[in-house]
Amino acid sequence: MLLLFLAPWVNGQELYGEYLDHQQGLLSRECYDIICDEKGYLLISTQYGPVKYDGEKCIPICMNLPIEERVIYDFEKDPKGNIYLLNSKFQILKLQGNKAIRIGPEKVCDTSNNIIFIKLHWAKSGLYILNHQAYLKYSFQSKKIHTYYHESNPGNQRLKFVYHPEWEFPFRKYTHGDYNFKTNNNIGIQFKNSGQKFKFVSKGLPDTREDQVTVGKTDYLLINSILFKKRGNHITHTNLSGILFMEYFYNRIWLCTYNGLLELDAEGNLLQHHFKGDLVAGVAPLKSGGIAISFNRKGVFICSNIHNQIYKNISVSSAARIHPFHLLGTTKGEIYQYDHHRLTKMTHIDSLGYSESIGIPNAIWEINAINRNLLFTSTNGIYCYNRNFQLVRKLTDPRCYYFGLIVDKNNLYPIQRQCIRKVTWKDWSSKSFQQYYFSSKGYTIKHLRCHNRLNDSIILLGTDIGLFYFNLKTNKHARTSFFKKEYAVRSIEKTAAGELVVFSRYHGIYFFKANTLVKRIDPPSVSVMRGWVYKNHLIIQGNDGVFIRNLNQWKLNEWINAFKGETQSVFVLQNSLLISNDKDLIITELEDYKKEQITIILNRVGIGNAKKKHLPAQIAPNSSISLDFDILKFGTDRLDIYYKLISKGENTIDQVIKGTQINFDALKSGNYTLEVYPVINGKIHFEQPKRYRFRIEKTFWESTIFYIGTIILAGSLIFSVLLSVNLSRKRRSAQRSELESKLNEYKLLAVKAQVNPHFLSNGLAAIQALILKGDNDKAAQYLAKFSFLMRKILYYSETQFISLKQELELIDAYLELELLRFRNRFNIQKEIHLSDNQLEKFQFPSLLLQPILENAIWHGLKFQEKDPELLISFQLNENQELVVQIRDNGLGFNTSNKSEEHLSKGNILITERIDTLNQQFQNKVAHIEIISSGNGTNVIFSFTPQLYLFKHV
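So the sequence shown is numbered by the working numbering: it starts at 29 and just counts up by one.
Quick caveat, the hints were computed from the structure, so don't treat them as lab data.
Incorrect hints may appear among the rest.
[Stated by the list, open to error] Mimicking PhoX-like on lysine-lysine, the simulated pairs with C-alpha atoms at most 25 angstroms apart in a straight line are:
#  : residue 1 : residue 2
1  : Lys85     : Lys152
2  : Lys340    : Lys639
3  : Lys165    : Lys227
4  : Lys512    : Lys547
5  : Lys127    : Lys512
6  : Lys85     : Lys641
7  : Lys592    : Lys639
8  : Lys127    : Lys117
9  : Lys152    : Lys105
10 : Lys85     : Lys105
11 : Lys640    : Lys85
12 : Lys315    : Lys147
13 : Lys304    : Lys122
14 : Lys640    : Lys611
15 : Lys547    : Lys304
16 : Lys686    : Lys641
17 : Lys641    : Lys726
18 : Lys547    : Lys522
19 : Lys315    : Lys257
[Claimed, not checked] Now the in silico label distances, taken between C-beta atoms and shown as ranges:
#  : residue 1 : residue 2 : range
20 : Lys245    : Asp550    : 40 to 48 angstroms
21 : Phe978    : Gly636    : 34 to 42 angstroms
22 : Asp943    : Gln913    : 15 to 23 angstroms
23 : Ile629    : Asn92     : 55 to 63 angstroms
24 : Ala742    : Ser901    : 13 to 21 angstroms
25 : Gly154    : His376    : 24 to 32 angstroms
26 : His50     : Asn92     : 19 to 27 angstroms
All C-beta atoms in this analysis are idealised placements derived from N, C-alpha and C, irrespective of residue type, glycine included.
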């Protein structure tokens with residue numbers, strides 16, 4: 029079909045956005061219809077089945093259908109928001125969640141077996157199916173299709189349409205037998221009320237489908253792919269044809285054609301012809317304020333805002349607001365007027381070209397005004413135009429490179445990279461230039477980068493070596509006192525609060541007030557090319573994109589990536605970002621200033637192991653809660669969530685989480701309010717929260733019955749514990765008395781054993797024998813040892829523990845007496861593997877070893893005739909236990925021998941004393957092992973640190 033139109037449009041202008049592809053999960057680039065459901069999901073039909081797009085990924089739907097039934101040609105929404113589908117098998121389906129439910133028809137059609145369904149249409153009287161040749165009505169009760177209109181002989185390709193405004197389908201169709209056609213005029217359209225007739229030549233099959241859009245008092249009528257405009261009884265042919273479908277939203281009329289997408293305003297004027305040469309299969313509005321377009325061969329295009337435009341082959345080098353204009357200058361010397369996303373070319377400075385001496389294009393670098401005239405600063409001069417954009421005068425110098433201009437009353441200060449020149453408005457000539465170079469002791473300014481007026485007489489100059497003043501009255505310069513760093517400065521701006529903002533290239537952004545540094549922040553880019561302060565927002569052009577940040581909310585707002593990639597220049601006009609990128613101009617609305625409709629949908633709810641469609645108002649206690657959200661905001665890179673969980677009497681939980689899933693584990697009982705905020709590319713949108721209220725039920729432990737029972741049980745337990753403690757205290761007191769009695773008994777027995785009559789008499793007899801021999805010195809020495817031993821035995825019998833050193837002194841005294849009695853006939857070997865400090869520190873049961881030594885001598889060594897030997901060893905093993913070993917090489921002992929009954933009883937007493945010690949400490953702190961054989965007897969004691977390190981009183 030032909031596409032005819034007469035209205036003009038701007039060459040090179042297109043919508044700006046991105047195409048969906050396999051990375052987002054789009055099944056195929058061959059797409060058909062497209063629609064947004066009530067929640068805001070975008071439904072796309074492809075040759076391999078429909079998908080649902082949530083702003084991040086495409087999810088296949090209708091997977092319950094066989095693969096041959098998933099090819100959907102058309103979506104249609106009824107007044108209640110239900111979505112019906114028409115597939116390639118001529119079936120009508122209804123979408124429920126992600127499933128498609130077949131509702132009919134039972135038979136395709138009763139009148140023809142060759143009808144090709146094209147489009148579903150919901151009218152006042154029900155659901156219709158429209159194609160080139162027929163209108164078919166579907167009955168939900170009988171599940172059958174009835175013919176509303178059918179062209180029985182389409183081969184003649186001749187039709188007459190007569191408009192009846194009172195009908196549901198206003199155009200009545202007549203075949204060739206009811207209408208007299210002239211040669212080559214096979215399509216006739218007649219409006220009876222106005223008497224207007226239109227005749228057309230159709231090269232293809234006639235298209236009987238019709239559609240209508242009403243905008244105010246104007247009706248736009250689509251019939252046979254031709255658009256008419258009807259106001260009252262007057263009909264106007266818009267000269268637009270070849271139209272497949274028509275939609276109306278955002279106060280725009282959108283026409284899908286074989287040759288692109290036409291955008292019309294409410295008056296029917298053609299604003300833009302998008303995507304020329306492409307068959308546009310469908311167009312749909314996004315709840316976020318953007319538009320989605322499906323193509324028969326190119327997939328789906330997403331534009332987050334219809335005002336986001338791209339102009340081909342336009343690179344902007346300057347921008348300024350000079351009342352009443354918003355003007356742009358380009359790198360080619362063109363001047364455009366910018367008005368709400370539209371560019372109008374005002375003039376082109378023909379004299380501009382390329383400066384051969386420096387090799388830089390003569391772009392428009394700055395736009396100013398003086399005496400109601402416009403000044404355009406280019407590389408090789410200054411051009412003055414009046415408000416009608418007529419050249420008044422110019423001042424050029426091919427040897428100079430200007431990148432800026434300061435206007436001070438009637439003086440002009442053109443700025444070059446290394447100097448500032450001055451010329452008066454009255455004496456406008458290159459000969460009158462005064463030139464001021466910037467050099468001083470210690471530095472030379474080679475590159476001026478930016479400038480901003482501080483007051484009537486002071487200009488701030490940003491350079492590669494810092495920030496400088498330039499006094500317009502004295503024409504002198506100096507380094508600023510508050511910013512002495514030799515950093516490369518790229519922009520100088522002022523805030524509404526009077527702060528001065530200095531953008532350095534590599535070292536951050538500095539805020540000064542009254543020449544005092546207030547704060548410094550780091551930019552998100554390695555290198556800052558330029559910066560702006562615009563309506564309480566900070567905007568920077570970085571080496572890897574454009575970033576925005578709110579000046580008033582430092583803690584809550586991060587940098588927002590407004591544009592990704594390298595940029596040549598960036599400007600801000602009329603709440604829009606103008607970005608020159610790769611020789612094209614991209615215009616996007618600033619996200620901070622438009623009211624976006626961001627939809628938050630609670631997609632899935634998990635309560636414990638159960639899955640729910642909605643968040644219930646009552647939730648069982650100790651249940652885990654999992655909430656999976658979808659944020660329907662198309663054309664973004666990162667979607668996150670910021671939430672607040674508010675509970676009465678509890679601290680508010682608030683945090684930003686990556687992704688769109690929130691999990692709670694076993695919340696306390698009570699009433700909760702959950703506020704969910706979308707986070708788009710790092711920015712929290714506080715103005716559009718989603719609130720959910722729910723209650724965590726009380727557990728049995730929090731009920732009144734449980735509280736009363738707990739009090740009764742606690743009282744009983746306290747009483748029982750007190751009673752048990754009292755009884756235990758009495759029991760322990762009795763046990764302690766019994767233990768002390770036993771210990772005293774064992775000590776008494778030990779004393780008796782050590783001072784038994786045999787020992788006393790033998791000792792005194794040995795002393796007597798020495799005296800009779802006349803060995804008085806030795807008798808005195810023996811008597812002293814005997815006296816020392818008796819005194820220590822009686823003294824130590826009063827205490828339970830003594831030091832290990834004291835125990836060694838006691839057994840040394842005893843062994844010396846025994847050696848004297850036995851005339852040194854046995855050898856004693858001692859192995860002490862302990863330090864002096866340990867001997868002083870370690871505690872030992874008093875009078876424990878002497879009975880064992882006595883048994884070893886009198887029942888072991890006494891009967892050994894060959895080299896009798898006694899070994900005494902003290903050491904710590906690997907478990908830090910104190911091991912005491914007493915070993916003799918005597919004949920051993922036999923417990924069945926009556927002569928050794930005393931020996932057996934003595935060992936039993938020692939063993940019982942060890943058991944008593946263990947009971948006293950309520951732990952196994954001591955152990956004894958007796959090994960006796962024909963080769964001798966070995967007695968081994970072991971004591972834990974709990975005993976030998978215990979501070980005994």
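Now for the hints, and whether the structure bears them out:
Restraint check: the Cα-Cα separation between Lys85 and Lys152 comes to about 36 angstroms, which exceeds 25 angstroms; the hinted pair is violated. Proximity of Lys340 to Lys639 is assessed by CA-CA distance (about 51 angstroms); at most 25 angstroms being required, the pair is judged violated. The hinted pair formed by Lys165 and Lys227 fails the criterion: a straight-line CA distance of about 29 angstroms is larger than 25 angstroms. At roughly 16 angstroms between alpha-carbon atoms, Lys512 and Lys547 fall within 25 angstroms of each other, so this suggested pair holds.
At roughly 68 angstroms between alpha-carbon atoms, Lys127 and Lys512 are farther apart than 25 angstroms, so this suggested pair is violated. Of the pairs offered as hints, the one joining Lys85 and Lys641 holds, with about 21 angstroms between alpha carbons and a cut-off of 25 angstroms not exceeded. Between the alpha carbons of Lys592 and Lys639 the distance comes to roughly 39 angstroms, so the proposed pair goes past 25 angstroms and is violated. Only pairs whose Cα atoms come within 25 angstroms are accepted, and Lys127 paired with Lys117 is accepted, the gap being roughly 17 angstroms.
Of the pairs offered as hints, the one joining Lys152 and Lys105 holds, with about 13 angstroms between alpha carbons and a cut-off of 25 angstroms not exceeded. About 23 angstroms separates the Cα atoms of Lys85 and Lys105, which keeps this hinted pair within 25 angstroms; it holds. For the hint linking Lys640 to Lys85, the alpha-carbon distance of about 23 angstroms falls within 25 angstroms, and the restraint holds. Between Lys315 and Lys147 the alpha-carbon distance is near 24 angstroms, which keeps this suggested pair within the 25 angstroms criterion.
Taking the CA atoms of Lys304 and Lys122, the gap is near 34 angstroms; set against the 25 angstroms cutoff, the hint is violated. A distance of roughly 52 angstroms separates the Cα atoms of Lys640 and Lys611; the hinted pair therefore is violated under the 25 angstroms criterion. Simply put, Lys547 and Lys304 have alpha-carbon atoms about 51 angstroms apart, too far for the 25 angstroms limit, and the pair is violated. A threshold of 25 angstroms between alpha carbons decides the hint, and for Lys686 with Lys641 the separation of about 23 angstroms falls inside it, so the pair holds.
At roughly 23 angstroms between alpha-carbon atoms, Lys641 and Lys726 fall within 25 angstroms of each other, so this suggested pair holds. Simply put, Lys547 and Lys522 have alpha-carbon atoms about 14 angstroms apart, close enough for the 25 angstroms limit, and the pair holds. Using a Cα cut-off of 25 angstroms, the hinted pair Lys315 and Lys257 is violated, with the two alpha carbons roughly 28 angstroms apart. Hint check: Lys245 to Asp550, Cβ distance near 57 angstroms, so the stated range 40 to 48 angstroms is violated.
In this structure the supplied range 34 to 42 angstroms is violated for Phe978 paired with Gly636, their Cβ-Cβ distance being about 54 angstroms. Range check, Asp943 to Gln913: Cβ separation about 20 angstroms, and the 15 to 23 angstroms hint holds. Judged by the Cβ atoms, the range 55 to 63 angstroms given for Ile629 and Asn92 is violated: they are separated by roughly 22 angstroms. Range check, Ala742 to Ser901: about 57 angstroms between beta-carbon atoms, so the 13 to 21 angstroms window is missed.
Separated by about 59 angstroms at the C-beta atoms, Gly154 and His376 break the suggested range of 24 to 32 angstroms. Range check, His50 to Asn92: Cβ separation about 24 angstroms, and the 19 to 27 angstroms hint holds.
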